[in-house]
Amino acid sequence: MTAVLDAAVAAPPPAPKKASWWRFSGSSRYLAMIVGGYVISLAIFSVLVSLKGAGAFSVYHTMVDSTLLNSNSRQQTILRAIPIALAALAVAVPARAGLINVGGEGQLILGAVAATGIGVAIGHHVPGVVSWVGMCLGGAVAGAVWATIAAVMRTWLGASEAVTTLLLNFIANDILLYLIYQSWKNPNGSGQPQSRPLAHSAQLPKLFGSQLNLGLLIALAAAVGIWYALQRTGWGFALRVVGGNREAARRSGLAVNRLIVSSMAVGGALAGLGGALNLAGVETLLRPGTTATFGYVAFLASFLGRHQPVKVVAAAVLFSAIALSGNGLQITEGLDGAIVDVLLALIVVVPLAMAKYRRRSA
Amino acid sequence: MNGLEQTLIGGVDGGTAILLPALGELLGERAGVVNLGTEGAMLAGALGAYAVTQSSGSIVLGLIAGVAGGALVGAAHSWITIRRGGDQIASGLVLWFLALGITSVFGTTYVGTVITPLPNLAIPGLSSIPWAGPILFDHNVLVYFGYVLVALIWFIFYRTRVGLTLRATGERPEVVAATGGKPGLVQFLAVTIGAGLGGLGGAQLSVGYVGNWFNNMTSGYGFVAVAVVLFAAWRPVRVLGGAYLFGIVLAAASVLQTHGVSVNQYLLDALPYLVTLLVLAVFARRGRSETPEALVRSLSRSG
Chain A
1 MTAVLDAAVA APPPAPKKAS WWRFSGSSRY LAMIVGGYVI SLAIFSVLVS
51 LKGAGAFSVY HTMVDSTLLN SNSRQQTILR AIPIALAALA VAVPARAGLI
101 NVGGEGQLIL GAVAATGIGV AIGHHVPGVV SWVGMCLGGA VAGAVWATIA
151 AVMRTWLGAS EAVTTLLLNF IANDILLYLI YQSWKNPNGS GQPQSRPLAH
201 SAQLPKLFGS QLNLGLLIAL AAAVGIWYAL QRTGWGFALR VVGGNREAAR
251 RSGLAVNRLI VSSMAVGGAL AGLGGALNLA GVETLLRPGT TATFGYVAFL
301 ASFLGRHQPV KVVAAAVLFS AIALSGNGLQ ITEGLDGAIV DVLLALIVVV
351 PLAMAKYRRR SA
Chain G
1 MNGLEQTLIG GVDGGTAILL PALGELLGER AGVVNLGTEG AMLAGALGAY
51 AVTQSSGSIV LGLIAGVAGG ALVGAAHSWI TIRRGGDQIA SGLVLWFLAL
101 GITSVFGTTY VGTVITPLPN LAIPGLSSIP WAGPILFDHN VLVYFGYVLV
151 ALIWFIFYRT RVGLTLRATG ERPEVVAATG GKPGLVQFLA VTIGAGLGGL
201 GGAQLSVGYV GNWFNNMTSG YGFVAVAVVL FAAWRPVRVL GGAYLFGIVL
251 AAASVLQTHG VSVNQYLLDA LPYLVTLLVL AVFARRGRSE TPEALVRSLS
301 RSG
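Residue numbers (this note's numbering), protein chains in the order written: chain A, 1 to 362; chain G, 1 to 303.
Source of the hints: derived by calculation from the structure; they are not laboratory data. Don't be surprised by glycine CBs; every beta carbon is placed ideally from N, CA and C. Honestly, I wouldn't trust all of these hints.
Quick look at which bits of chain A chain G covers, simulated, 3 or more residues with Cβ under 8 Å [claimed, not checked]:
hint : stretch
1    : 158-170
2    : 334-342
Covered stretches of chain G (in silico footprint by chain A; criterion: 3 or more residues with CB under 8 Å from a CB of chain A, positions within the stretch not fixed) [what the hints assert, rightly or not]:
hint : stretch
3    : 52-65
4    : 136-146
5    : 150-157
6    : 207-220
7    : 262-275
Derived DEER-like restraints, expressed as beta-carbon distance ranges [claimed, not checked]:
hint : chain 1 : residue 1 : chain 2 : residue 2 : range
8    : G       : T116      : A       : S28       : 57 to 63 Å
9    : A       : S58       : G       : L267      : 42 to 48 Å
10   : G       : N212      : A       : K52       : 19 to 25 Å
11   : A       : S28       : G       : V237      : 51 to 57 Å
12   : A       : V317      : G       : E5        : 51 to 57 Å
13   : A       : Q211      : G       : E5        : 56 to 62 Å
14   : A       : R240      : G       : V141      : 38 to 44 Å
15   : A       : H125      : G       : E5        : 52 to 58 Å
16   : A       : P288      : G       : A177      : 48 to 54 Å
17   : A       : Q182      : G       : N212      : 25 to 31 Å
18   : G       : S289      : A       : Q211      : 53 to 59 Å
19   : A       : D65       : G       : E5        : 57 to 63 Å
20   : G       : N212      : A       : G53       : 42 to 48 Å
21   : G       : L61       : A       : S46       : 27 to 33 Å
Work the whole structure out from these sequences, hints included.
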C-alpha cells in the first residue's frame, strides 16, 4: 500500500542530473517514452473493446478501413476535419495569450445556428455567392460574440474563462434545440425535428466533382491567415508576450485586456466559421447534435498540437479520422460510437503524462 | 403541496447531486488542484452505482461502487497532474472524455431499465416541522450526508491541523514541504477523495432519487459544481448555497412544465446554466483574492 501511495505522490525535487547514458540523448529518450505510452494506450483500448465482444485487433483494421483506405472515406475525413481544425485553432489563438477556451463546442453551434438563420432566410432570393458570404460572416460573428462573453467576464469580472466557456456550451446547445423544436422547426419534416434545409444554391459548391466543397478552401485560407497573424504580425507577438508574462506585458504598455478579448473573439470567429462551413457544406440543415462533440475533440487536438497552428491542424485531421471511425466501429464491430471518445482520450493522455519529461528534455 | 414546495423539495434532491461533487471539488481546489474531471467522476459514479445496484440488488454496494468509480477518476487526475506534471485543465477534460466514452459504451446495456431508488427517510420530529420539515427532512440518506458533510468539511478546514495543512498546500506547497509535510500526498488524497464525492453525486442522480441511467446523464453538472466552488469563494457553506440554488432552478424548470406553463423546454433547460453564469459574473471578482495561490497558476495557464 505504501508503495502504491509513494508512486502516486508528487515527484521528489529533481535530483541532480547524473551523467548517465541517456542524458546526452534526452529527446530520443522522450520519444521512446511517448511510443511506449501509445503502446500502453492502444493495449488498454484493445482490452476495452474485447470486453465488449469486439476483436482486439480487428477494430484497428476497421478503423483504418473506414477512414483512410478508399477515396470516399478519405474525403469524409477531410470534410469533418474542417470544423474540428477551425475549432482547434479557436483554442490555439487564445492559448497564445494564456487563455483556456473550452468553448469551441458552443461557438461551433452558434456558428451553425447563425448560418442556418441567414441561409434559410436569404438563400432562395439571392445568388449563391451572397448566401455563402453571408453565412460565413454570420457564423464567424456569432462565434466571436459567444467567445467574447467569456473574455469580457474574464477581464472585467475575473471569472475563469475555462469555466464560463464550458457553461456557455450548454446554453448554446439549448438555444439550438429551442430553435429546431420551436420557431425554426421544419413544418414539413418528419421524425427528428430539424430546421428547413438550405436552398440548393446556398449550399457550398462541390469541388471538381468530389465530395469536398468550397468550405475546404475557405478553411485553408483562414488557417493560413491565422498562422500568418500569429507568427508574423505585431498582434501575434503581443499575444505571446501577454501569455508569457501578463504583468510584464502590462508594464511595457500593452493593452492586455484588449488583447485578451481580441484573442478570444478571433478564436470564436474561427470556430463559428467552422460551424457555418460544416452546415453550409455538409449538413445543409440544423438538427440536434449537429456538432457531435467536435468542439471538445478540437480542444484535445489543439492540446496535442501544443497550440501551434500547423501541428494543431495536423492533429485535427488525425482526430477527424478517429471520430469518423466511430461509424465504422458501430457498423462492423457493433460497438457504441462513443468508443472513439475513449481512444481520443487515451491518445491525449500520453503527452499529458509525459509533460515533466518534455520540459526536461527540451 | 403547491408548486413552491415541490420546487424546494426537488431543489434539495437535485442540489445534493451538485453539492457532493462541489464539496469534493472544494477539497481538491483548496489543496491547489482544479479537476474538471469532476464531470467524468460523476458519470463514472452514476453508472458504477447503477450497474452494481442492479446486478447485486444492494444499493449500499452500489453507493460504494459509485464512490470507487469517482475516486478512480480522481486518482488518475492526481497521477497525471501531480506526479507527471500534466496540465490540470487538459487532464480534467481528457478524463471527462474517457469517462463519457466508457460509460456510454458500457452503459448501453442499462439504458431503459429502472431500479427502485434510495428510499426517503423522514427524520422523526424534524420532518413534522410545518412547511420546512418535509422540504428539508424527508429525503434519502445522501441528502442528509450532504448536510453533515458541509459541517464536517467546515470543521476540518478551520478547526483541525489536517485542514490547516490542506489549505497551506493550496497556498504554498513549497512551505509545506519545507516544514516536513508532503504536499503531493495531501493533494493526491484531497483530489481522490474529492472525486469520490463526485462519484457519490453521480450516484445521487442515478440511484438516489430517480432510479435510472442514460448516456451522459450528468449533462454538465460536474462543470457546474466547479463553477459553484469558484463563486462560493472556496467556502463550504457558500458552496451549499450555490449548489441548492442550482438545484432549485433545475427543479423550478420541471415544476413549471408540469404546471402547464407554456415555455419551451429547452429554454428552461438553459436556465440553470444561465443562472450559474450570472452568479459567477456577480461574485467572481469578490472571490478572486481568496483563490488559493497554487490554484492561480493552474487556472490561468494551459499548454
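Original post:
When you take the CB atoms of G:S289 and A:Q211, is the distance between them in 53 to 59 Å?
Top reply: holds (55 Å)
Original post:
Is it true that A:Q182 and G:N212 lie within 25 to 31 Å of each other by Cβ?
Top reply: Holds: the Cβ-Cβ distance is about 27 Å, inside 25 to 31 Å.
**OP:** With 19 to 25 Å as the target window, see if G:N212 and A:K52 comply at their CB atoms.
**Re:** holds (22 Å)
Original post:
Do three or more residues of the stretch 262-275 of chain G come closer than 8 Å to chain A, measuring C-beta to C-beta?
Top reply: holds (count 8)
Subject >> Outcome of range test on Cβ distance (A:V317, G:E5; 51 to 57 Å) >> reply: For A:V317 and G:E5 the Cβ distance comes to about 55 Å; the hint holds.
Original post:
Are three or more residues of the stretch 158-170 of chain A within 8 Å, CB to CB, of chain G?
Top reply: Our answer is that it holds, as 11 residues pass the Cβ test (under 8 Å) against chain G, meeting three.
**OP:** Starting from the range 42 to 48 Å, see whether the pair G:N212 and A:G53 falls in it by beta-carbon distance.
**Re:** violated (24 Å)
**OP:** Count the residues of the stretch 52-65 of chain G whose CB lies closer than 8 Å to any CB of chain A, then report whether that count reaches three.
**Re:** Violated - the stretch 52-65 of chain G has 0 residues with a Cβ nearer than 8 Å to chain A, which falls short of three.
Original post:
Range hint 38 to 44 Å: satisfied by the CB atoms of A:R240 and G:V141?
Top reply: violated (53 Å)
**OP:** Would you check chain A against the stretch 136-146 of chain G, counting CB to CB pairs closer than 8 Å, and say if three or more residues qualify?
**Re:** Violated, because only 0 residues of the stretch 136-146 of chain G bring their Cβ atoms closer than 8 Å to Cβ atoms of chain A.
**OP:** Verify the coverage statement for the stretch 334-342 of chain A against chain G, using a C-beta to C-beta distance below 8 Å and requiring 3 or more qualifying residues.
**Re:** Coverage by chain G holds here, the residue count being 7 at a Cβ distance below 8 Å.
Subject >> Whether the CB-CB distance between G:T116 and A:S28 falls inside 57 to 63 Å >> reply: About 59 Å separates the Cβ atoms of G:T116 and A:S28, which means 57 to 63 Å holds.
Comparing the model with each numbered hint stated earlier shows that hints 3, 4, 5, 14, 20 do not hold.
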